[in-house]
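Undergrad: With these hints in hand, go ahead and build the complete structure from the sequences.
Residues 1 to 202 in full-length UniProt numbering are what the sequence shown lists, from first letter to last.
One thing to keep in mind: the hints can contain errors.
The list that follows gives simulated cross-link-like pairs (lysine-lysine, BS3-like), each with its CA atoms no further than 25 Å apart [claimed, not checked]: (1) Lys-74 <-> Lys-145; (2) Lys-95 <-> Lys-74; (3) Lys-145 <-> Lys-97; (4) Lys-74 <-> Lys-97.
FYI, nobody ran anything at the bench for these hints, they're computed from the structure.
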Amino acid sequence: MDDLLPISALQHYSYCPRQFALIHVDQVWAENRYTAEGRILHERVDSGAAEQRRDVRFERSVMLRSELHRLTGKLDLLEVHGGERYIPVEYKRGKPKIQDWDRIQVCAQALCIEEMRSIRVEEGAIWYWEVRRREVIELTEEIRKVTIAAIESCHRLIERGVTPQPTVEESRCRACSLRDQCRPDRFRRDGSAHYTRKLFEL
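TA: What follows is the structure, encoded as structure tokens:
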């Protein structure tokens, strides 16, 4: 299949559908301090080799794929406890969030692992660099439904090939590396913005 969605794109979509479309439909990218720090963090994590500590195996840079959900990506760390309990671990440069942006990404990783290894993944984790803390994520039916809905929305948006209007959450624009390319203030002043946004209420 040649229409596989990068798992990392789900975090972009959850944060802002316009950011997702600029990156994955229009192929626009720009780096700022936050994206650079994130890239460096992942390079450090990816450089580690697999290892075994007692009954836990640590597999790094694990390639993931799902034919069912049309996903592909690379997992920072997979912990295998006792050969049967699998925990995907994602590394993030920031700090824990109230919103599910990061949890959706980890849940999508779990969906891939379940399909690839024919097992059930009950939990995942995110290690946040800024606060040096690990957040455990229970992969409930609720977060699974939210994740699958986000996956389906991403595929539909790519198929339409149209870039949505900027998010109504203006505070998110300040940290976005694509602010100059997006020009959210200009589009928010456009009287057609409300109408166009309605088209993308998926």
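Undergrad: Are the hints correct? Go through all of them and say.
TA: Each hint, compared with the structure:
1. Lys-74 <-> Lys-145: Roughly 22 Å separates the two Cα atoms, so the pair holds.
2. Lys-95 <-> Lys-74: Given that 25 Å is the threshold and the Cα spacing comes to 21 Å, the pair holds.
3. Lys-145 <-> Lys-97: holds (19 Å)
4. Lys-74 <-> Lys-97: Within the cut-off at roughly 22 Å; holds.
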